[in-house]
Structure formats: C-alpha cells, structure tokens
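Assemble the dimeric complex from its two separately framed chains, guided by the hints.
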Amino acid sequence: MKRIAFWIVTLVILFVFVFPIFWVYLTSIKGKADIYSLEFSKQFIYSPTLDNFVHLFYKTPFFQEITSTFIVAVASTILVMLVALPAAYSFARYNTGYGHLLFITISTRMFPAAVAAIPFFFAFKALGLLDTHFGLTMLYLYFNVSFAVFLLFGFFREIPVELEQAAMVDGYGRLAILRRIIFPLIKPGAAITAVFCLVFAWNEFLFAFLFTRLHAKPLSVGLSNFWATIEIQWGPMSAGAALAILPTLTAAWLMQRYIIRGLTFGAVKG
Amino acid sequence: MLGQGNEVGAETLPTELLGGKTFWETLTSERYFKWLLITPLLLVLAIFMFYPFFYCLYYSAHQYAMPRPPKFIGLDNFRAVLQDVNFWQALGRSFYLLVISVAVELIVAMGIALLFNREFKGQNVIRGLCLLPLLISPLAMSMIWNYVLHYDLGLVNHVLAKIGFSKVNWWTPKMALYTIAAISIWQWTPFSIFVLLAGLRSLPRDAFEAARVDGATRWYTFRRLTLPMLMPMIMIIILLRTMWLIRLFDPLYGTTHGGVGTETFDWMVYRVAFVFFDVGTGSTLAIISLFLTLIICALLFRVLMKSLGAAE
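Those protein sequences? They're chains R and E, same order as listed.
Each number in my numbering corresponds to the 1-based position in the first sequence with 516 added.
Each number in my numbering corresponds to the 1-based position in the second sequence with 16 added.
The set of hints was computed from the structure by calculation and includes no laboratory data.
There may be inaccurate statements among the hints.
Now the stretches of chain E that chain R is said to cover, found in silico as 3 or more residues with beta-carbon under 8 Å [stated by the list, open to error]:
{"#": "1", "region": "64-71"}
{"#": "2", "region": "137-145"}
{"#": "3", "region": "159-173"}
{"#": "4", "region": "265-271"}
{"#": "5", "region": "285-298"}
Going by beta-carbon spacing under 8 Å, a handful of chain R positions derived as facing chain E [said to hold, decoys possible]:
{"#": "6", "residue": "530"}
{"#": "7", "residue": "629"}
{"#": "8", "residue": "630"}
{"#": "9", "residue": "632"}
{"#": "10", "residue": "657"}
{"#": "11", "residue": "748"}
{"#": "12", "residue": "760"}
Note that the structure is predicted; figures quoted are calculated from it, not measured.
Cβ atoms here follow ideal geometry from the backbone N, Cα and C, with glycine treated the same way.
Only chain E is shown next, with the shape it has when bound in the complex (with noise of 0.2 Å):
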C-alpha cells in the first residue's frame, strides 16, 4: 500500500504543478479515496492494536512484577503458563463456558424465533419486551442474579422450598460455573433470536410453498430448507458471540469473583495482571489469548464469508 502510494505521487505531482488535475482531484480519484476513507481507522487500529501486541509481546519475554524492574528471561513465562494446572484449568473453563453458551442458546432461540415467526395479537411489543435483557447492564444483573439465587434470600430457593424441593446452593464448585452460563445465556438469548427472526423473516415464501405441495414434512423442510438458508445468521451469531463470550467478566464480577472454581481465562489475566501486578505473565497470558482466540474467529470468519456468498 505505501509503496504504491509514492510511486504515483511521484508521477501525479507534475501533473498538478501543470494545472492538469488539482490535488483534490487526485485525492478523490478512486485509487487515493477509497485508502482516504479508512486512514481514521487505520490510525485507530495502528494505536489499539499494535501497541499493545507489541508491549505485550516485549513483556512476554521479561520477569517483571510490578515494583522491580523487568528482566530478560527469553521463553521463561511461557514454559511457566504452560506448566501451570490453573492455566489450562481456565482455558478448559472459557472454552467449557463459550461451548454451552453457545449452543444452549442457538437451540433456544431457534426455538423461539419458529415460534414468534407468524402474525399474531401485541407481536411488536412481545417482541420488544423479549430484547430487554439485552439492553439493561451486564454487571448490574449478575449482582440481581446474585440475590435472586442467594442460598436463603432469594426468590428461586424460596419457590423451590415452597413447592416441596430442596433448597440449592447455585455457588457450589460443582454448580456455579453453570449458573454464570445461564446467566450469560438469559442475557443474551435475545440477541440470537431476532438475529434468527430477521434471517426467517426474509426467507423466500415460494421454496416452502413447493415443499408443502410436494408433501414434505414440517421437520424435512427445516432441515432441507430453513437451516441451510439461515447458515449465515448462524454463522455471525457464533461468531459475535465467541467474540464476547471469550471477554466475559462481568457476570463474574458481580458473583463469584472468580472464586469457586468459575475463574475463566479473561479473569486469570486480570488477577494475574491486575491484583498481583505480574505484568512478565500477565503479558503471557495476553499473547496466548490473542493467538487462540485469533485462529478460532479466521476459522470462523472464513465460514461466514463463505456462506454469505452462498446466500447471494
């Protein structure tokens, strides 16, 4: 990109010294305006992204906890993470987490968008009030979520114990990475179902009419017809929802802190870089994240690209 630049500056700057086209001629010509488009981006992303890969990769290769300053240790950090149970047990726990979200909420919302896919009475306001949990905050939830579960004054046991069951503790080690998952899942199911509304919405009547000519059943149709044509709604709900799945701190934050046995990936950079103010590892830690996480969404990214050329 730079280099072509110059080579036709260099070639349009007589032109323009000669009164043939000005400089805002030049710089709207497609060649020069679709790059003018994206600098703003380009210097955004050249902050926000390359300095912190940099730094942390500089880190990465340093013994460095806050108050003394850092050394070289070569690969040190890395033999250290990888070594480490608490490590792969959080990486084990984010990926545990991404998968059941991820699918629970694909099905249940699925579910809900071939429901809701049909005229009926107040549709507009049903549909409305389904996208509340999206809109309210994250951490200001998961602490309600907390009262709402809490062993003896919440709401759940309380009904639970009222209707002849046995109280239960959602904060068990056993129990407690699940109930961070549905409360991500209730935050969030809403979003898939109104990307998925919107995708059946648009699915062309005529293919389904065929079918129900032709005598197809109501499962054969979804299966042959609606699935394939929502591919790429189900692509970037999984590719979205990876992405903010592979971030989650706040349910965490308002519940557990971590503890418990839910301390996922994001956390465990966080504690390690925040409250011991390890920065060697912290910067480890970031780059191994970076990595994984990179290779999960190109895989992704391909397939929604691809099955968005597919629909066209």
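Chain R on its own, in the form it takes in the complex (with noise of 0.2 Å):
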C-alpha cells in the first residue's frame, strides 16, 4: 500500500516537471493549422509534420545563432574558469581578504542586470564592442564568475589542508602541489561549475537581447524573435527550443554524478 501511494506520488512529480519539456518537442513537430486549433483532440491527435524545423533552417539564422552561442558559451566557460580557479583556491586555502572580498565577489550577481546593463552599453558602443563576440563574452564572465567562485570555494574546502602540508615537507614547491595534488582533486567540482557556466551561458537572454543585433546574436535572443507582432510562432519556436536543449541536456547528463554535490557549497562532506 505504502509502495503504490509512493509510486503514485513520483509518477505526480515526474509528470509536472517533464509533461511541459515533452510538450515542447510535441509542439516542435505540429502544423500551424492544429497548434491554432480550437477542437480539443487537436492538442493531442494531430498529423506530425517537420515544416517548423523546415522553417527554422530556411528562414532564420538558426545554424548562425547556433554557433554564435556555442562560440560564446565555451569560450565565456573557459575564462571563467582562469580567472575563479585560482581565486576560489586563494579564498578557501587563505582566507583571502577575510570573507569580505568573498562577499564582494558573490555580490556581482545581486545586482540587478540593468545596472551593469545601462553603462555597458554606452561602453560597448563607443569601443565598438556592440553586437561582437569577443563583447557577449566578456558580459558573461561578469555574469558568470561569482557563481564558479562560490561553487569551487566549497570544493576547495573539502580538500584538506594536511594533504598540501605533507607535501610541502616532501619539499615540493607550491606550483608543484597545485599541479600535483590540488589539480586531480579539484577535476570533478571543477567538471560540474563548468557544465553550470555552459548553462547559464547558454541560456542567457537579457545581456544578449541588449548587447547584439545581428553578427553575435544567439539562439536565445533567435528564438525570442519568433515572437512576432500579434502572436508567438510557437512551432518553430519549438523545434528551435527542442534543439537547444540538446547540447545542455548531454553535458548534464555526462556529469550528472558530480551535481549533487556540487550544489552544496562544500558544507556536506563524503
């Protein structure tokens, strides 16, 4: 009794969070005439059709945005990590600044997007840094670099003090035991604040719908135009947001083992 009640529950949970996610790719494969439907059987009985993803590839920039995203996304990641692996390494090892400078860097996410937004504009306008790649990058190392450094700081945390001392007495020289030693131990909570930074990125809308036009726009800034003048072109939005998901769902899947304690903030051990 107990068992089925549990059953039941779980199917309720998985139903909620996937039910919406499956309709997006049921939406991706619908004509318009049956998404604008008003009969009820049309929600579900339908003849699957692929003029959307048609649509998608032949009258938008889809594979452009695509890459625009992929090259932003990777590349934002990347000089993510450069710049919070150290500093996560120097605030856990030393207490570097006292919690405080820790505070301040965790403090760039609180701001609303508008404040950095407003005067990054102007900037990016008179550098010329409007609507380029290189100008969405660094937007995104901004937005995404206080969270890599929370996230690893409890990583580093959890690696303990005495392995780098013992070390020390071996007589190895501190770039020796960060290569040696903090590097191996750090790989997987560094695997999962990547795939967390690749997310984000990913999906950013607010940054890119301001910062870019044409050149580097990406699919989420795409996929927002298919809001036309009087209604959502659901369809191909759809197949757009289908095959977006994609690459996100096989980095979480690939490092699914690490997310559980990479959310933790190193405050639960083993």
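If you want it as structure tokens, here you go:
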C-alpha cells in the first residue's frame, strides 16, 4: 500500500516536471493549423510534420545563431574557469580578504542586470563591442564568475590542508603542489562548475538581447524573435527550443554524478 | 593591501639583487601568492563592478534622457523616483514574487526531497528527469507556457473545460503575477530539491537511530534533527534564489512583457533605460536596487556563513 502511494506521488512529480518539456517536442512537430485549432482532440491527435524545422533551418539564421551561442558559451566558460579557479583556491586556503572579498565577489551576481547593462551599453558602443562575440563573452564572464567562485570555494574547502602540508614537507614547490595534488582533486568540482557556467551562458537572454543585433546574435535572442507582432510562432520556436536543449542535456547527463555534490557549497562532507 | 605590498616590496628588492631570493620565490611566498592568485578576479571585479557603479552614481544626479545632453540636477531624480507610484508598486511586486516563490519552492522541494531520500528502483533516472527544467532556456520555456496557458488554445484550459470547470484566464491583472511565479517555481524547484537531497543524504545516521530508539515521533525528529542540520542547505537556496529572482526577466519577456500588473523592479529599470532611454532615472533606479539587494544579501550571507560554521 505504502509502495503504491509512493509510486503514484512520484509519477505525479515526474509528470509535472517532464510533461512541459515533452510538450515542447510535441509542439515542434505540430503544424500551424493544428496549433491554432480550437478543438480539444487536436491537442494530442494530429499528423506530425517537420515544417517547423524546415522553417527554422531555411527562414531563420538558426545555424549562425547556434554557432554564436556555442562560441560565446564555451569561450566565456573557459575564461570564467581561468579566473575563478585560482581565486577560489586563494579564498579557501588563505582566507584572502577575510570573507569580505568573497562577499563582494558573490554580490556581483546580486546586481540587477540593468545596473550593469546601462553603463556597459554605452561603453560597448564607444568601444565598438556591441554585437560582437568578444563583447558578449566578456559580459558572460562577469555574469558567471561570482557563481563559479562560490561553487569552487566549496570544493576547495573539502580538500584537507594536511595533504598540502605533507607535500610541502616533502619539498614540493607551490606550483608543483597545485599541479600534482590540488588539480586532480578539484577536477570533478571544476567539471560541474563548468557545466553550470555553460548552461547559464547557453540560456542567457537579457544581456544577449540588449547587446547583440545581427552578427553575434545567440540562440536565445533568435527564439525571442518568434514573438511576432500579434502572436508567438510557437511551432518554429518549439523546434528551436527542442534543438537548443540537446547540448545542455548532454553536458548535464555526463556530469550527473557530480551535480549533487557541486551544489552544496562544501557543507556536505563525503 | 596596496600599502602593505609596497612596503614589503622595498624590503625584498635588495636581497633579490644580492642573489638571495629570486623574483619567482618572492612571488610564490605565501604573502604574495594568495594575492597573485586572486589578481585576475580583482581585475574582473574592478572593471565589471566599480565602473558600472560609479557610472550609475554619476548619472543618477543628472537629468539625462538620451538625445539631449546630461544636466546636473542633484538629488531630484531620487525625489522623483521615490514619489513615483510605479516604483513602489514594482518594488512591492518584486518582493512579493520573491517571497512566494522561495517559500513555495522550499516547501515543495523539502517534501519531494524527503520522498526521494530512500532507495528505490530507477532512482537515478527519476532524479535525473526531475533536473530537466533547470536545463531548458527560461525564455523558450516561458513562451511555451504562454501557449499551454493560452485562454483558447492552451492545453490547461482545454483540460479544465473537459472535466467540467470553467476556463481560467491566466493573464488577468489579478492572476498574471501568480502565473509568473508558478512558471519560475516550476523551473527552479528542481534546484532546491537537489540541494536538499544532497543534504539529506549526508546527514549522520546514528543521530536518527538514537532518536528512533528513544521513540521520537517522525515530526519531532524532522523538526529537531533534520531541519537544523539542513539549515546551511536552506540558506544556500534562499541566498542563491534571492539573487536570481531579483533579476527575473525572461519569464516576463516570454509572457506579459511587463504588462497586466506584472512589471517587476528589474523590468522597470529595463523599460526606463532601454525603451525610453532615460539614463538619469534608470541610473537612479539601478543605484536604489543595488543598495536594497546588497542589504538583503549581506544579511543572508551572514546567516549562511554562521550556519556553515555551526555545521562543522
């Protein structure tokens, strides 16, 4: 009896979380007439069509957009990791800035986006960085770096200091310690942090929307363009969203094992 | 930090010339090494925090609507904003949205995490599927919700009509804010579930064994053992979600465009600065929101650090 109740509740939970995403895929193979049909049966029963994907591929710069998204997401993630890894190590091991600096770092993510958006818009305009991959990459560096430091700080705290002290006694230099001891231990944490940065950068909309027009326009902005003058073109939009989620899905699937550990800020040992 | 650096630099220079410590050794001594590691971050922070801050501070004291040149007006912008009904409404909505979203997410996620905190068939797949909403673009998803919740075309109203209820207009001024909250709750509850689940799985078993032996009720065990031990996890969720909810934008863009009584604070800044190009007022709003969020998050951060310390 108890088991049955458990499974019923579990199925309801799964339904709530998964069904809307399933619906994206259903809508992506639905014709325009069926989407705008007022009949109930058309919600589920219709002849599937690839029209939306054809529209997406031939009528919109989908491939250019997904390339932009890819370039910016990957480049910004690499930059974020390069900045955040040493900084988080410094915070965790030497308590640099006695917590104040860590708070300042984390607080960058608290600024409502518009605080940064207004000044950067005019600065980028003056520097000719509007609508460039480089400009957007720099914005995502700002956007993700505090979260990355926050997560990595937790991972570095999990590494016992004694390991390093022992290595130092054995005559390792600081760089050797970093390379031979810290780096292998931080790899899982770094991987999950990178996945989060990738997913956030991949899906980010506001900065992309404000700072790009044509050349560097990423997928999220492309999807928003399906909001036509009167109605949303749900079909092609769903097709785009259905494809856009695949890379993030793959990345998350590969990192599944680390995700739970990664979210707990090092408060969980073992 | 700077003063200290100069002082020590002056000391080490001669020994370096004498062939004692090399430049590299000085650099990797503990005193410098920790700052060396943090330099890139400090550079990023300097560019991306201080520049916008001072820019906004400067123009918040100016009347500056885009085509015309800026004119110094002192604190008039602040006066105008603080007397603006729209400002207080938007602020109230943001805060309201924040409170209900975080509260609902925490309660629902706690229930689900407790439910999933056991061994069952296909546990990894099921937990993995629950993570899906986190991965999809919030903007795309809000546009899909716009379809699913459409008055005439949407699945939800179709089903409601089929089982004998009347259709609901999800986008009236009364409902829309709750609809937005629901969309955001749907997307982010998985995050809370996973943080709490990770916390639950790491709790020490023996304390719970002891409680059971002593005959404590489940509710008592939850309140007195589980909840206090999960406090760091709960604080992490509240802190991160507060930070993210303050800058809630995508679900609004995908649905109401800030209309029908859903204009939150962030949307207002966007509208003033990027639709009206009123940089002066926009900067003023930005500065106000900066201070509000800093205060809220400083408090939360403090509690988090305390509970982290207590957990160790």
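Comparing the hints with the structure gives:
1. 64-71: As far as the region 64-71 of chain E goes, the hint holds, because 6 residues have Cβ atoms under 8 Å from chain R.
2. 137-145: holds (count 4)
3. 159-173: Three-residue rule met by the region 159-173 of chain E, so holds; n is 9.
4. 265-271: Per the Cβ count (4), the hint holds.
5. 285-298: holds (count 6)
6. 530: This interface hint holds because 6 Å falls under the 8 Å limit.
7. 629: Holds, about 5 Å.
8. 630: Where the cut-off is 8 Å and the nearest Cβ of chain E is about 4 Å from residue 630 (chain R), the hint holds.
9. 632: Since chain E brings a Cβ to about 5 Å from residue 632 (chain R), closer than 8 Å, the hint holds.
10. 657: holds, 6 Å
11. 748: holds, 6 Å
12. 760: At about 6 Å, which falls below the 8 Å cut-off, the nearest Cβ of chain E leaves the hint on residue 760 (chain R) intact, so it holds.
The earlier numbered hints are all upheld by this structure, with none contradicted.
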